[in-house]
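Asker: Sequence:
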Amino acid sequence: MRDGAEIHQAIHGYAEGHTLLASSIRLDKRDARTMLVLSDLAGSGGIIGEEGYITGYPLPVSGYYVLAKTWLAPEMRRPGCVWTHSLIIKADRLDAIARHAFPDELFARPEAGFYEPYKVPLSRRLHGKAVTPIRPAQEALVRSILSALYAHPTKGVFFTDADQSATAIVTGVWSQQWTALKARFRFCTSVAADRSADGLQFDLQVTRKGLRNPASVLKSSLDVRKLRITQAPWLDPAVDDLIGSSSELSTFFDECGPVLVEGREAFVPLATLFCFLRGAPSVPQDEAMETLEHPAVGSLPDRIRLGVIRRAVLAADDASSRAVAAFLDRLDLFDSAERKEAARRLGHRLVRTERGRLLAMAEGTPGEMDFASQVIDLASTRNLVEAAIDDASFARTLLDRRRDLLADSRFVSNYPDVGALLSLAGQLDDAGKEVVIGALLRSGRSDVDVRRLRRVDGRAFWKVLKDLARGGELPDRLYASNLVRQLCDDIGLITSDLSAGLVTSAPALEAICHATWPDQIFNDYGADPWLAALEGLPKDETFGDKTFVMAFSFCRALGWRTRQPIELAALALPGIYEVAKRGALPPAARSMLDNKLPGSYVHRWDMCKRLRRAVSDLFIDKRGSPSVYLHLLEDDGDFVALVEETADRYGGRTFLKDVRRHLKCVDRPEKLKLKIVELALD
6 MRDGAEIHQA IHGYAEGHTL LASSIRLDKR DARTMLVLSD LAGSGGIIGE EGYITGYPLP
66 VSGYYVLAKT WLAPEMRRPG CVWTHSLIIK ADRLDAIARH AFPDELFARP EAGFYEPYKV
126 PLSRRLHGKA VTPIRPAQEA LVRSILSALY AHPTKGVFFT DADQSATAIV TGVWSQQWTA
186 LKARFRFCTS VAADRSADGL QFDLQVTRKG LRNPASVLKS SLDVRKLRIT QAPWLDPAVD
246 DLIGSSSELS TFFDECGPVL VEGREAFVPL ATLFCFLRGA PSVPQDEAME TLEHPAVGSL
306 PDRIRLGVIR RAVLAADDAS SRAVAAFLDR LDLFDSAERK EAARRLGHRL VRTERGRLLA
366 MAEGTPGEMD FASQVIDLAS TRNLVEAAID DASFARTLLD RRRDLLADSR FVSNYPDVGA
426 LLSLAGQLDD AGKEVVIGAL LRSGRSDVDV RRLRRVDGRA FWKVLKDLAR GGELPDRLYA
486 SNLVRQLCDD IGLITSDLSA GLVTSAPALE AICHATWPDQ IFNDYGADPW LAALEGLPKD
546 ETFGDKTFVM AFSFCRALGW RTRQPIELAA LALPGIYEVA KRGALPPAAR SMLDNKLPGS
606 YVHRWDMCKR LRRAVSDLFI DKRGSPSVYL HLLEDDGDFV ALVEETADRY GGRTFLKDVR
666 RHLKCVDRPE KLKLKIVELA LD
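Each number in our numbering corresponds to the 1-based position in the sequence shown with 5 added.
Do not take every clue at face value.
Unchecked claim - Ranges of calculated distance between the beta carbons of each label pair, as one might list FRET restraints:
id : residue 1 : residue 2 : range
1  : Gly68     : Glu368    : 15 to 21 angstroms
2  : Met374    : Ala397    : 16 to 22 angstroms
3  : His157    : Asp395    : 30 to 36 angstroms
Unchecked claim - No more than 27 angstroms apart at the CA atoms, straight line, and that leaves these computed lysine-lysine pairs for DSSO-like:
id : residue 1 : residue 2
4  : Lys551    : Lys468
5  : Lys601    : Lys586
6  : Lys124    : Lys160
7  : Lys214    : Lys160
8  : Lys438    : Lys468
9  : Lys678    : Lys662
Honestly, the hints are just simulated from the structure, not real lab data. From the three backbone atoms N, C-alpha and C, an ideal C-beta is built for every residue, glycine too.
Whole structure, please, built from the sequences with the hints as guidance.
Answerer: Dropping the structure here:
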């Protein structure tokens, strides 16, 4: 409060009629006339006490506010004469008067003919003293007055002073108000006629005790005792503040600053916001947020406005849509901790219903970007995945913050840009690559380029494919085989992976057999990639059709591509031969062998003979290792047939001599096999 406010004064009284007797200020004629009228007796009739009555009203032209006290002047010869001492205060200096105070001590009843003191401004402080306490017994009347004044802000109201308490109540009401409202508020504590005139309505008037029909005197005003008292939550703190049990509401008005509007229409919105900020459950969030938009509180300071939004969003279990919108509109005005808490509380909801807003914020101000990131960071994977499925644009934004979403098949299967997923996967560590590859494989997406997926990381691709196939996590039983067949379009890539030992799945090798032909897999140098893959299979790996795989391998051994034909034939022959002996070769394996094995038309039906002939020719032509030859067929009868077939082939006897020589040189010669070879050579 500013104590240095200049206080002008004026005295009105009788001198050949009611007139201005002295003043410390010269006013505009219109304001001077207003003072002349309102300083006169407020109607005849009723009882006026010795202490007089008080009138308050603005002088709109000059920008002053008048607080006047009127006394009866019985010493004058003419009945109805009064003295009125007016304090004339600049309207914007009313804040010099303390809250819940009134400058009653500054009023001085004049003595007839002695007016000099009123010709100069008062030199005393405009602080005021505490208003006369309102008795608890008057609470019901106070409640009625406040309800009438502020629930009907465009109407004048009145009540009758039945127990001489009007001055305390009315000055209390005025002192409770903020400066702008005080400066506009018109009141009179004792009237026998309506003081409203020239379109200027009095807000609060008190009819004198003893008037027969007060309502007929103030026809345009509302009788507070006949109005229904509002049950709105704002009334309780207003009453408590006025009767002295709490001053929180007045303090709140002070916090709202000097920018509050002048009219009574702002009281209810402000008091409602006060209740909401104090946690009153009777003020719903939507009502508080709607109140913030009320024209009467449009100039509220940001700290108050933000306080309301803060409470709605951060202190409530479920923020209303209006509260959320208001928070997002002023996001940069909240600190980082508040934004984080809001992200925690609102994240699920925003992801579900405000994705467009989040996308905009992700490219907005620093505060908006921070908030959008926090929402995405704190949201559950399930929530984000569901949002991504609905909104492709949002899905792209999510990946910038939540790489863990790549582990979710639903997210991956619905992400609009597979290429972006694969590019991102290539930047991850080994575990991350496995996660992305696994999610894409589980998704079963038709637009996945399996070769590009494989190039993310070969080791991870084959490992994940094997694990998912074994666990039954792929879209269907043939999915893995189909992927491998697609990869076989790039035979160089397949060859590289076989050479590196990356393909450790029997079903995958079997799929390669079905997708290629035996001589297609490269072996320009070093070990045969196909042989390396077969020999590197874990013991627990089993083929669905091992005979077909061995047939493929044997045909490769007979072809021109492999650099390890002997080893490959030795690996493949035993399994095929046993099945052929039983006449149980599957059609696919038989067809492949039929096109590769030698044999005349006469012996075409004898697959075992053709196998013996093919392997004999191979060992003779490639000068195969005798030690390997000796163990091609472990059954003695089969070995006899093999040796006889070899002996009948061109160059076969020369090769068998090498075999005999080998048998004689070993530490523990196999006597039976030596005898079989010698018999073939005799």
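Asker: For each hint, tell me whether it holds in the structure or not.
Answerer: Hints, verified against the model:
The hinted range of 15 to 21 angstroms is not satisfied by Gly68 and Glu368, whose Cβ atoms lie roughly 50 angstroms apart. Checked against the hint of 16 to 22 angstroms, the pair Met374 and Ala397 passes, with Cβ atoms roughly 21 angstroms apart. A C-beta distance of roughly 50 angstroms is found between His157 and Asp395, which places it outside the suggested range of 30 to 36 angstroms. With a C-alpha separation of about 21 angstroms, the suggested pair Lys551 and Lys468 falls inside the 27 angstroms cut-off, and the hint holds.
This hinted pair checks out: Lys601 and Lys586 have alpha carbons roughly 18 angstroms apart, not beyond 27 angstroms. The suggested pairing of Lys124 with Lys160 is violated, with an alpha-carbon distance near 37 angstroms, which exceeds 27 angstroms. With a C-alpha separation of about 22 angstroms, the suggested pair Lys214 and Lys160 falls inside the 27 angstroms cut-off, and the hint holds. Distance check on the hinted pair: Lys438 and Lys468 sit about 11 angstroms apart at the alpha-carbon level, within 27 angstroms; holds.
The straight-line distance between the Cα atoms of Lys678 and Lys662 is roughly 13 angstroms, inside the 27 angstroms bound, and the hint therefore holds.
In this structure, the hints that do not hold are numbers 1, 3, 6, in rising order.
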